[in-house]
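**Q** Sequence:
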Amino acid sequence: VAPASPFTRENFDRGVEELRRLGFEPVYDESVFARRRYVAGAAGVRAAAIHAAWRDPSIAGLIGVRGGYGSVQLLPLLDRSEARRARKAFVGYSDLTSLLMFLTLGCNLVAFHGPMLAGRLGKGEARYDRATFLNALCRREPLGELAPSALTTLRRGEAAGMLLGGTLTQLLGSLGTPFAFQPPQGYVLFLDEVAERPYRLDRMVTQLKQTGLLARASAVVIGELPQCDEPSNQLLSSARGHASTQALRACVRGISERGWGPARK
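Taking the working numbering, the leading residue of the sequence shown gets 1, the next gets one more, and so forth.
Since the hints were made in silico from the structure, they are not lab data. As the structure is a prediction and not an experimental result, all values here were calculated from the model. The C-beta atom is built at its ideal place from N, Cα and C for all residues, glycine as well. Just so you know, not all the hints are guaranteed correct.
Claimed, not checked - Between beta-carbon pairs, the in silico distance windows are: (1) Tyr-38 - Pro-142: 21 to 31 Å; (2) Ala-34 - Val-194: 18 to 28 Å; (3) Val-27 - Arg-155: 23 to 33 Å; (4) Ala-159 - Gln-182: 11 to 21 Å; (5) Ala-159 - Val-45: 34 to 44 Å; (6) Gly-157 - Arg-9: 28 to 38 Å; (7) Arg-9 - Ala-42: 36 to 46 Å; (8) Leu-154 - Glu-30: 45 to 55 Å.
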């Protein structure tokens, strides 16, 4: 499904081929190729495609083509009861964060923050973790321990809770709407962001803290934050820390950090 921005047919086809290589049988409606300025067709058409996939008994799950912008336009048009009856896997990230939260918090369903067709899947296994992707979608057992080699811990301890989050701008943009991000007490918050300047990240983290939503979290995990250095492309002093490290410190300690550095793997 294409709930957000349009995409190139070449990237789409590569993503479809990757799904086939993984053993899936991808199907799609021709409406995914629609374009209306910066979104993949009219909101009603995009929402109808999701409803049709939910109703089709031959379809086991839905995966987004790409992010960008537009998913939030669908929220008033989606039927929660349809989603609950279907109980189908839904995979996406970035702009699709709003749909993931609609399904998890709004419908009490499981959704997957994972690779999409025209981005990571279309570029092969170098851009996503094949084993994790397949295990999450195809196995009933828990994924077990996930311990990336580059993980940095700033405050040690143990925490347990519902895993919720996604793109920071999407979570904050929902506040004050009927689809606001309202996680339960004790949840585990994970955040990602791309191409946001350090002061904007600082502002968003500060806002998250001031809403009280951060205080509900039992733990915080932040991703790589690619392209979140200064626009001059001059990397800040490594002694002051990477952007992801500083953002995590701001979340965990409630401190507004000024010395942001580049995001790296």
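**Q** Of the numbered hints stated previously, which ones are contradicted by the structure, given in increasing order?
**A** 1, 3, 6, 7
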